[in-house]
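**Q** For reference, the chains in residue letters:
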Amino acid sequence: MANFETKEVSTDLLIVGGGMAATGAAVEAAYWAEKNGLKVTLVDKAALDRSGAVAMGLSAINQYVGLRDGENTLKDYVDYVRNDLMGITREDLVASIARHVDSSVHLFEKWGLPIWKDEDGKYVHEGRWQLMINGESYKVILAEAAKNALGMDNIYERVFITEPLMDGDKCVGAVGFSVRDNIFYVFKAKAVVVAMGGAVHVFKPRSSGEGLGRAWYPPWNSGSSAYFTIKSGCEMTCQEVRFIPVRFKDAYGPVGAWFLLFKSRATTGTDENYMLTRRDELENWLPYGKVKPVPANLRNWLMMLEVMEGKGPIYMRTEEAIANIADKFKDDPKAFKKKMKELESEAWEDFLDMTISQAILWAGMNVAPEESKSEIAAAEPYFIGSHSGASGAWVSGPEDLQTGETRDEYFWGYAHMATVPGIFCAGDASGASSHKFSSGSHAEGRICAKAAIAYIVDNPGEPNVDPAVVEDLKATILKPLDLFEQHKDYSSDPDIHPEYIVPKMFMFRLQKIMDEYAGGVSSQFKTSKPLLERGMHLLTFLKEDSEKLAARDLHELMRCWENIHRMWQAEAHIRTILFREETRWPGYYFRADTPKMSKDWEVFANCIWHKDTGEWEMLKRPIYHIHDKL
Amino acid sequence: MPSFVILEKCDGCKALDKTACQYICPNDLLVLNKETEKAYNRDPSMCWECYNCVKICPTQAVEVRGYADFVPLGPAVTPLRSTDRIIWTVKFRNGTLKRFNFPIRTTEEGKAVPDGGWSTGTEDLKSPVLFTEPDSAGLPEIPTLK
Ligand SMILES: Cc1cc2nc3c(=O)[nH]c(=O)nc-3n(C[C@H](O)[C@H](O)[C@H](O)COP(=O)(O)OP(=O)(O)OC[C@H]3O[C@@H](n4cnc5c(N)ncnc54)[C@H](O)[C@@H]3O)c2cc1C
Ligand code: SF4
Ligand code: SF4
Numbered sequence: 000m001a002n003f004e005t006k007e008v009s010t011d012l013l014i015v016g017g018g019m020a021a022t023g024a025a026v027e028a029a030y031w032a033e034k035n036g037l038k039v040t041l042v043d044k045a046a047l048d049r050s051g052a053v054a055m056g057l058s059a060i061n062q063y064v065g066l067r068d069g070e071n072t073l074k075d076y077v078d079y080v081r082n083d084l085m086g087i088t089r090e091d092l093v094a095s096i097a098r099h100v101d102s103s104v105h106l107f108e109k110w111g112l113p114i115w116k117d118e119d120g121k122y123v124h125e126g127r128w129q130l131m132i133n134g135e136s137y138k139v140i141l142a143e144a145a146k147n148a149l150g151m152d153n154i155y156e157r158v159f160i161t162e163p164l165m166d167g168d169k170c171v172g173a174v175g176f177s178v179r180d181n182i183f184y185v186f187k188a189k190a191v192v193v194a195m196g197g198a199v200h201v202f203k204p205r206s207s208g209e210g211l212g213r214a215w216y217p218p219w220n221s222g223s224s225a226y227f228t229i230k231s232g233c234e235m236t237c238q239e240v241r242f243i244p245v246r247f248k249d250a251y252g253p254v255g256a257w258f259l260l261f262k263s264r265a266t267t268g269t270d271e272n273y274m275l276t277r278r279d280e281l282e283n284w285l286p287y288g289k290v291k292p293v294p295a296n297l298r299n300w301l302m303m304l305e306v307m308e309g310k311g312p313i314y315m316r317t318e319e320a321i322a323n324i325a326d327k328f329k330d331d332p333k334a335f336k337k338k339m340k341e342l343e344s345e346a347w348e349d350f351l352d353m354t355i356s357q358a359i360l361w362a363g364m365n366v367a368p369e370e371s372k373s374e375i376a377a378a379e380p381y382f383i384g385s386h387s388g389a390s391g392a393w394v395s396g397p398e399d400l401q402t403g404e405t406r407d408e409y410f411w412g413y414a415h416m417a418t419v420p421g422i423f424c425a426g427d428a429s430g431a432s433s434h435k436f437s438s439g440s441h442a443e444g445r446i447c448a449k450a451a452i453a454y455i456v457d458n459p460g461e462p463n464v465d466p467a468v469v470e471d472l473k474a475t476i477l478k479p480l481d482l483f484e485q486h487k488d489y490s491s492d493p494d495i496h497p498e499y500i501v502p503k504m505f506m507f508r509l510q511k512i513m514d515e516y517a518g519g520v521s522s523q524f525k526t527s528k529p530l531l532e533r534g535m536h537l538l539t540f541l542k543e544d545s546e547k548l549a550a551r552d553l554h555e556l557m558r559c560w561e562n563i564h565r566m567w568q569a570e571a572h573i574r575t576i577l578f579r580e581e582t583r584w585p586g587y588y589f590r591a592d593t594p595k596m597s598k599d600w601e602v603f604a605n606c607i608w609h610k611d612t613g614e615w616e617m618l619k620r621p622i623y624h625i626h627d628k629l
Numbered sequence: 000m001p002s003f004v005i006l007e008k009c010d011g012c013k014a015l016d017k018t019a020c021q022y023i024c025p026n027d028l029l030v031l032n033k034e035t036e037k038a039y040n041r042d043p044s045m046c047w048e049c050y051n052c053v054k055i056c057p058t059q060a061v062e063v064r065g066y067a068d069f070v071p072l073g074p075a076v077t078p079l080r081s082t083d084r085i086i087w088t089v090k091f092r093n094g095t096l097k098r099f100n101f102p103i104r105t106t107e108e109g110k111a112v113p114d115g116g117w118s119t120g121t122e123d124l125k126s127p128v129l130f131t132e133p134d135s136a137g138l139p140e141i142p143t144l145k
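Chains A and B, in that order, are what the protein sequence lines are.
Under numbering that gives the first Met the number 0, think of the first position of the first sequence as 0, with each following residue one higher.
Under numbering that gives the first Met the number 0, think of the first position of the second sequence as 0, with each following residue one higher.
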């Protein structure tokens with residue numbers, strides 16, 4: 000076995016991940032841990048300042064309810080999320096996050112995040128729930144608060160978390176390795192907050208060359224949350240509910256400001272506004288086809304219908320939106336000039352704060368948005384339960400948000416705890432509670448941290464881990480390095496070898512399977528039972544070959560494990576699309592053999608991987624409402 | 000080649016114990032070539048063009064050349080980040096120049112106080128009221144089911 004030192008770190012609460020949810024968890028946990036004499040440790044695969052989906056920055060906070068000023072109620076938010084997800088939503092979880100999210104946003108502002116204000120000192124909204132920010136340093140600022148709360152001594156950067164550590168059916172920590180030094184880490188804890196984000200590159204991206212990394216979702220989140228929770232035996236939910244964003248084509252720049260702030264339309268190559276001309280199609284998806292705003296996946300779907308008929312390119316009519324704004328100022332050229340300057344700056348900042356590639360692309364194509372329209376397109380599918388997808392672990396709601404009906408199904412003791420004792424999930428790691436975005440993920444991290452400290456106080460027993468199990472984990476995790484060492488001198492090309500596969504090729508094979516059989520870009524997001532079964536068959540070979548992944552260094556070792564994590568996310572996805580025999584989110588995926596929405600499937604489709612047998616169990620869970628009690 | 004290092008400008012972060020670009024890249028892409036003492040991007044096709052390496056490099060040695068598989072040659076987008084502002088220069092393929100200047104934070108670097116100056120309304124570990132709440136929420140109490 001490769002020569003790695005084993006370092007053991009004993010703590011009370013372990014936070015795995017360092018993004019929005021984890022930085023929220025850190026701040027909250029530090030407070031309650033100090034009161035109870037407990038220790039908190041955070042582990043991130045990257046540098047906390049710039050890790051996760053917000054590494055580049057963001058230009059908006061997408062969840063702010065405005066409870067303080069009575070702008071909206073919790074019920075309003077729950078209704079919005081349920082409708083956008085075509086009815087499949089845990090209302091107790093959405094309400095749980097929504098009642099704390101404003102407090103997270105107010106903290107961000109105190110910490111130094113510039114949130115736009117109007118003349119009356121009120122936040123400037125991009126849309127009903129969205130606030131405009133100067134967010135280049137959004138992540139840096141949240142990381143700073145987390146570091147100040149925990150202290151750098153309790154934060155491990157550049158450690159890749161590979162596997163959960165179990166004590167029977169309880170989770171008691173995690174193992175991983177440093178991507179800088181030959182160190183194998185064993186973190187022993189009494190509870191774990193899982194916050195390692197969602198997954199990208201499970202499906203083949205549209206770009207194939209240098210642009211491969213320019214997925215909408217950042218290439219460094221590789222399904223570690225899903226893997227960690229599946230492998231520890233957690234019940235998972237909404238594994239079929241992937242997210243497909245429609246964004247500016249290729250560079251995936253945000254469209255929110257154009258649609259919401261500048262009121263732009265999108266049209267086909269022949270100038271058709273498909274949201275109007277295809278309006279009748281919405282009748283097929285009632286009652287959700289009739290709600291306002293039209294659910295994200297249905298907006299996608301109307302556009303996809305055009306594309307499938309060869310009626311592209313699809314354009315964002317930036318030139319028209321700006322002309323409409325100009326029209327309002329036609330009698331005041333000076334005010335118009337000022338307004339245009341403002342709009343130009345807002346439009347470019349939207350890109351520069353969170354998708355700099357789009358600024359490069361516009362500059363490279365000499366795009367002046369007031370003169371020319373810009374192409375938009377549906378991206379490849381991603382797993383991001385915090386956004387408009389819903390995949391993640393099945394977690395308990397808080398006790399005070401249960402009704403007589405929900406209590407038996409949605410509540411088992413600690414807020415946002417998974418079905419495996421000791422595991423708490425936040426952000427992309429927890430499912431059926433979409434539309435939390437950056438701010439709600441932070442709030443959910445806080446909820447988890449407080450509940451986890453309560454769990455630790457109630458369950459103070461020390462973790463009991465068999466050293467032989469740890470040694471086995473170490474050998475398994477380091478195996479790709481051994482395999483490379485053993486065989487490397489045989490072939491003229493170290494990437495091409497009959498005995499092993501390098502992580503990048505492994506990833507390409509996974510992406511090809513998912514793209515062609517599970518409804519990726521090249522299959523126009525369509526699939527069916529026979530296709531999924533075929534995909535599952537091919538995935539089985541890939542799973543076998545995952546034992547033959549080889550790595551020449553620590554960086555590649557991380558790439559090997561990232562792709563194993565992706566592969567498990569892929570399997571949960573295929574199995575759940577197969578299980579749900581209907582089409583409910585046509586603009587996320589379309590099951591051609593069951594093309595309609597069915598009342599029988601107004602349920603959660605959940606799954607559990609049983610570690611004793613290696614079998615998957617699929618199960619339905621009922622949907623109960625609490626919204627009229629909010 | 001998304002991010003790349005201008006060899007002439009990179010000094011391998013001589014003064015520091017670890018190189019700035021390697022420290023920050025969220026995808027572990029930038030590494031130092033020990034022989035030449037110059038950094039390089041080891042896998043440009045996994046680069047997100049997040050610009051964190053560009054923003055952090057003390058010698059402005061890292062630049063981004065838009066993904067060649069869909070970006071025409073010629074543009075340049077260049078940041079200059081200080082402790083409280085960022086200035087962007089956007090150069091078009093046709094030579095047009097635009098400059099933007101945005102604030103990035105309102106407090107002094109390093110000074111984010113976790114409680115934001117708010118007090119916590121409960122000592123009860125079992126209550127849903129979180130650290131700094133309900134004060135920080137701006138509410139008399141945290142809402143629950145009616
Ligand atoms: C392109 C894009 C634009 C968005 N725009 C907005 C917006 O405008 N407004 C808004 O509010 N929200 C926006 N969002 C959503 C927001 O970014 C997410 O909801 C939020 O980041 C989710 O938080 P998280 O903590 O679950 O994941 P992340 O913030 O992504 O954090 C994941 C963390 O886990 C770490 N990690 C991953 N794997 C491992 C491992 N194996 N071991 C150790 N650590 C690991 C990562 O390094 C990172 O620290 C956007 C998202 C994307 C992708
Ligand atoms: S940060 Fe700049 S100077 Fe330092 S190693 Fe990287 S490229 Fe070279
Ligand atoms: S642009 Fe971002 S992803 Fe690319 S090398 Fe630099 S820091 Fe890494």
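Worth flagging that the hints you see were computed from the coordinates, not collected in a lab.
You may find that some hints are simply not true.
[What the hints assert, rightly or not] Once the Cα atoms are required to be at most 27 Å apart in a straight line, the calculated DSSO-like pairs of lysine-lysine come out as:
hint: 1; chain 1: A; residue 1: K503; chain 2: B; residue 2: K110
hint: 2; chain 1: A; residue 1: K327; chain 2: B; residue 2: K97
hint: 3; chain 1: A; residue 1: K74; chain 2: A; residue 2: K34
hint: 4; chain 1: A; residue 1: K74; chain 2: A; residue 2: K628
hint: 5; chain 1: A; residue 1: K503; chain 2: B; residue 2: K37
hint: 6; chain 1: B; residue 1: K145; chain 2: A; residue 2: K628
hint: 7; chain 1: A; residue 1: K329; chain 2: B; residue 2: K97
hint: 8; chain 1: B; residue 1: K54; chain 2: A; residue 2: K340
hint: 9; chain 1: B; residue 1: K110; chain 2: B; residue 2: K17
hint: 10; chain 1: B; residue 1: K13; chain 2: A; residue 2: K291
hint: 11; chain 1: B; residue 1: K90; chain 2: A; residue 2: K336
Small disclaimer: the values here were computed from a predicted structure and weren't measured.
**Q** Next, verify each hint and record whether it holds.
**A** Hint by hint, here is what the structure shows:
no.	hint	in the structure
1	A:K503 with B:K110	violated, 41 Å
2	A:K327 with B:K97	holds, 26 Å
3	A:K74 with A:K34	violated, 34 Å
4	A:K74 with A:K628	holds, 8 Å
5	A:K503 with B:K37	holds, 25 Å
6	B:K145 with A:K628	holds, 5 Å
7	A:K329 with B:K97	holds, 25 Å
8	B:K54 with A:K340	holds, 26 Å
9	B:K110 with B:K17	holds, 24 Å
10	B:K13 with A:K291	violated, 57 Å
11	B:K90 with A:K336	holds, 22 Å
Against the hints set out earlier in the document, violations occur for numbers 1, 3 and 10.
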